[in-house]
Amino acid sequence: MKKFTAGQALSYLVMTAAAVLVLYPVVYSFFMSVMTQSEASAYPPSLFPHALHLANMKEVFRMVPIASFIGNTFFVSAVVMIGQLVTASCAAYAFANMEFKGKGLMFSLFAATMMVPWEVTMIPNYLTVRSLNWLDTYQGLTIPFLATAFGTFMLRQFFLQLPKELFEAAKMDGCGHVRYFLFHMLPLSRPALGTLAVYSFLNMYNSYLWPLLVTNSKPMRTIQIGISMLEFQESTSWNLVFAGITLAILPSLLLLVFGLKQLVRGMAAGALKG
Amino acid sequence: MSELDKRLSLPVERTSASVRSALPLRAASLKRSRLKENALAYAFLAPSLLLFAVFLFYPLVKSVYLSLHSTDPAGRIAGFTGFDNYSDLFTSGLFVSGIKTTALFALLTVPAGILLALILAVLTHNMLRGKRLFQFAFSLPMVISVGSASVIWKFLFHPTLGMLNYLLEQAGMAPVGWLIDPHWALLSISIMTVWMNLGFNYILLSSGMQGIPDEIYESARIDGAGPLRVFYRITMPLLSPTLFFVLVVSTIGAFQSFGQINILTQGGPMNSTSVFVYSIYQESFINFRFGTGSAQAILLFLVIMLLTLIQFKWVERKVHYQ
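Residue numbers (our numbering), protein chains in the order written: chain A, 1 to 274; chain B, 1 to 322.
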């Protein structure tokens, strides 16, 4: 049995202070979201809300189509997540389990894409999407992001860890690549797939610049753009702005609660073990 | 990509037919299965390759092409200009000062962000109780998007109503013009960015710490190593691959920052926060000069590649791979 020492007590103290500091901006927005307008813009600012003014939430829904912002974001993130899982797991399987001509070249091609910052391709991609008439559409928001080199690597590393004998045995039983991939590899790789799913969902959920470029109309906006527009529109009613932020944060908080274990377990393993 | 598929699948038919008559049946079927595996492998790669071709390789080439031309506001090519776009960038002081701003921003955010995350990850790793709770708290900024985070901090930074200035005043200090003072703006954005990136760095480092076997710690403890010694002799070397990865990723990330700058300062005051990607955005999508915008984007690519190569060449030497 380990004993609770003074050093540990100190470290708990430091950690609690750090946690309060890190959490403060989020707690602050929750507090602001339930204040009345006069309380939110009063000086000196109140550290805690004096009353629970939940009408703000209703007011935000009335003011901007925040439900459709959130709906759009969820839809777009889910599409990108599923797309990335499909494309990355297929490509990762080919790299991990198949022999083919040009494998080395293909692999370095994938590696090269990780070197290219997305912003470098932003202008031509914008022009492409515009010429396809995909501005303000779900295709424009999602299709450029359906493939991921990072995810492919992560899954490849995981696939390589699975015992080779498994495939040999399946092959003996007359199981081809497609069946082995679908019915053996994928179910065995749920932890890695889960990590990639959480990661790609969060990435898309939080993306800002691309949705800013390709959406113009209110019904197509994602929550991130919606939030910053809210701020530009209603600079005086900060309580409403924060009510909107709270509504935007809550879904991703839930995602963190359920996905934290996946992330902590899988991130470094996938990115590093070569 | 469809071309690649065709090129691959056509010989499949031909050779398998001719081979079948010439060689014994077994060798022929072996060869056929190998060709089939080739075709299948490319079918597995096809979706990714197609998407990369359209949205990554083609745009990359086109960026180079655009950067050598001038365009009209609709994005059509107006004429060939050679390297004028590039030389214009370097003669305008704005771009050069933008590079300096970006470098300073990276220096302000990357080391601080990694150090903080490292300390927190090590301390939570040694915890006996409440570990999950602290993990949740320190990972939290990761799920706060740049849009929400920026608006939250905009109000925290507010010159008269913001909490930060209120606390400064309570501590008896003069208020600071966080986002409106050219001397402070970049630092303010850096503070906010460190906070925003903490979650991601923390998760990566915690994940790396979990990969270090407990037995190593146990035997070090039995040998009488104190906590600091354990940290320097065991945690640091074994964590160095993760640390290196975090360093590379956050340096790239610092050079790609955009959202917080667009929302908090829009490059101001007096261009003191006009970082690389912000000026690409401004040039291309506000001034509609896609040519110079592309030239900047290509330079960004080169800078990031150079930095990454330097890191692999110089820093990775110190990394200990098991």
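If you are wondering where the hints come from, they were derived from the structure by calculation, not from laboratory data.
Keep in mind that the hints are not guaranteed to be accurate.
Stated by the list, open to error - Estimated spans, in silico, between C-beta atoms of each pair:
| hint | chain 1 | residue 1 | chain 2 | residue 2 | range |
| --- | --- | --- | --- | --- | --- |
| 1 | A | M172 | B | R32 | 52 to 62 Å |
| 2 | A | G71 | B | Y58 | 42 to 52 Å |
| 3 | A | V20 | B | V61 | 22 to 32 Å |
| 4 | B | S87 | A | E99 | 20 to 30 Å |
| 5 | A | S131 | B | L168 | 24 to 34 Å |
| 6 | A | G102 | B | R32 | 17 to 27 Å |
| 7 | A | F30 | B | W314 | 28 to 38 Å |
| 8 | A | M114 | B | W314 | 17 to 27 Å |
| 9 | A | Q8 | B | A112 | 19 to 29 Å |
| 10 | A | Q37 | B | S70 | 42 to 52 Å |
| 11 | A | G104 | B | L115 | 34 to 44 Å |
| 12 | B | W314 | A | P187 | 41 to 51 Å |
| 13 | B | P213 | A | G102 | 35 to 45 Å |
What the hints assert, rightly or not - Footprint (simulated), chain B over chain A, 3 or more residues, beta carbon under 8 Å:
| hint | stretch |
| --- | --- |
| 14 | 10-23 |
| 15 | 43-57 |
| 16 | 90-99 |
| 17 | 103-114 |
| 18 | 125-138 |
| 19 | 244-253 |
Backbone N, C-alpha and C define an ideal beta-carbon position, used for all residues, glycine too.
- Task: Give me the numbers of the hints this structure contradicts, sorted from smallest to largest.
- Result: 1, 2, 3, 4, 5 and 7
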